[in-house]
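Novice: From first to last, the protein sequence lines are chains A and B.
Quick note: the first sequence uses our numbering, first residue -13, plus one each step.
Quick note: the second sequence uses our numbering, first residue 36, plus one each step.
The hints are simulated quantities; they were obtained by calculation from the structure and are not laboratory data.
Because the structure is a prediction, the values reported are computed rather than measured.
A virtual CB, placed ideally from N, CA and C, is assigned to each residue, including glycine.
Careful: at least some of the hints might be erroneous.
[To be verified] Examples of chain B residues toward chain A, derived with CB under 10 angstroms:
| id | residue |
| --- | --- |
| 1 | Glu181 |
| 2 | Pro191 |
| 3 | Gly192 |
| 4 | Arg196 |
[Unchecked claim] Sample of chain A residues with no beta-carbon within 10 angstroms of chain B, all distances over it, derived:
| id | residue |
| --- | --- |
| 5 | Arg(-7) |
| 6 | Thr23 |
| 7 | Glu49 |
| 8 | Thr85 |
| 9 | Leu109 |
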Amino acid sequence: MAPVAPRSGDAIFASVEHVNAELFTLTYGAIVRQLLTDLEEVEEVNKQLDQMGYNIGVRLIDEFLAKSNVSRCVDFKETADAIAKIGFKMFLGVGASVTNWDADGTCCSIVLDDNPLVDFVELPDTCQGLYYCNILSGVVRGALEMVSMKTEVTWVRDMLRGDDAFELQVKLLKQVPEEYPYKDDE
Amino acid sequence: MQFFGGSDISPSPPAPTASGNNAHMMYVFNRNGVCLLYREWNRPLHTLNAQQDHKLMFGLLFSLKSLTAKMDPTSFENHEMCSLDKGNLGVPQLPGQGCSFHSFRTNTYKLSFMETPSGLKIILITHPKTGDLRESLKYIYNLYVEYVVKNPIYTPGAPIRCELFNTSLDQYVRSIS
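Chain A on its own, in the form it takes in the complex:
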């Protein structure tokens, strides 16, 4: 049996059920709003969003793998491409591109073409430190951790903070080999 070619993000996005974009955007907005009320500190909200994203990511990876037919990526470059071209397209409906590779191929940037989370959003002065879309960085981190890649994902450009794009920096810290989980004497 020849390996099945990965499905394109567009095809998968078209085949799943959709919700109204405004409902999605406003729901996310309501969550962030509530977190700001509950946690008060902007830093805490950033952390919480990242954690929520992480929890989503560790589940989302299986849906990604099951639906996209992506098998093992040869290197981190291919991984980054799969996230940008298939992952973001499949779950958010937006494309993304991979740029700014460092010399040893362990750090790159994912630039989103569009970001449906931030429609209707303006950051007030009191929330200048907020990474409004921090949930996305958490998702990427969680998903990659489930395929044995420890990463650090940070926002380097955020349009809500006056930059000209949404840019996520993904840095590969280490790849974790699979080990026999039981001890011999158990």
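Given the coordinates of chain A, work out where chain B should sit on it, guided by the hints.
Specialist: Below, chain B without anything else, positioned relative to chain A:
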């Protein structure tokens, strides 16, 4: 819809028929070797207790995978990432790394195996005359995504207790021929 563990499970291995009923049992392990699910449809003989049985199965797969990867005469790629450990049996690999096997057959049963890049292992044991089950295992993976992963009550890494998953799994497995 039938309740799982229904009465149509016969005590002896049935002859393969077009209508299926060929599955003996199934295991699902996660990357940490936790047995997330064990389903049994037709297994008259138990030789070990459940925990030993699961551990033995996981150990077999782990070793067999390591063996198949090390015996691979074709690929350089496997060794590049861990070039220091070249040729050493039992050296840890990244999940999904190296070549792997997808089934083996004895005179009384067939074991089909699938591992996802996220380290989930699905093992299905069926009648020896069943055909290629790779697509079936993929389908089961999709069932897992729909009924387990998307279930907000389910804690990742915990044993699966989702009635809906069990029901749809039982139904699907009956159709395997």
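Novice: Evaluate each hint against the coordinates.
Specialist: Status of the hints after comparison with the structure:
no.: 1; hint: Glu181; verdict: holds (9 angstroms)
no.: 2; hint: Pro191; verdict: holds (5 angstroms)
no.: 3; hint: Gly192; verdict: holds (9 angstroms)
no.: 4; hint: Arg196; verdict: violated (17 angstroms)
no.: 5; hint: Arg(-7); verdict: holds (13 angstroms)
no.: 6; hint: Thr23; verdict: holds (23 angstroms)
no.: 7; hint: Glu49; verdict: violated (5 angstroms)
no.: 8; hint: Thr85; verdict: holds (25 angstroms)
no.: 9; hint: Leu109; verdict: holds (30 angstroms)
This entry does not satisfy hints 4 and 7, going by the numbered hints stated previously.
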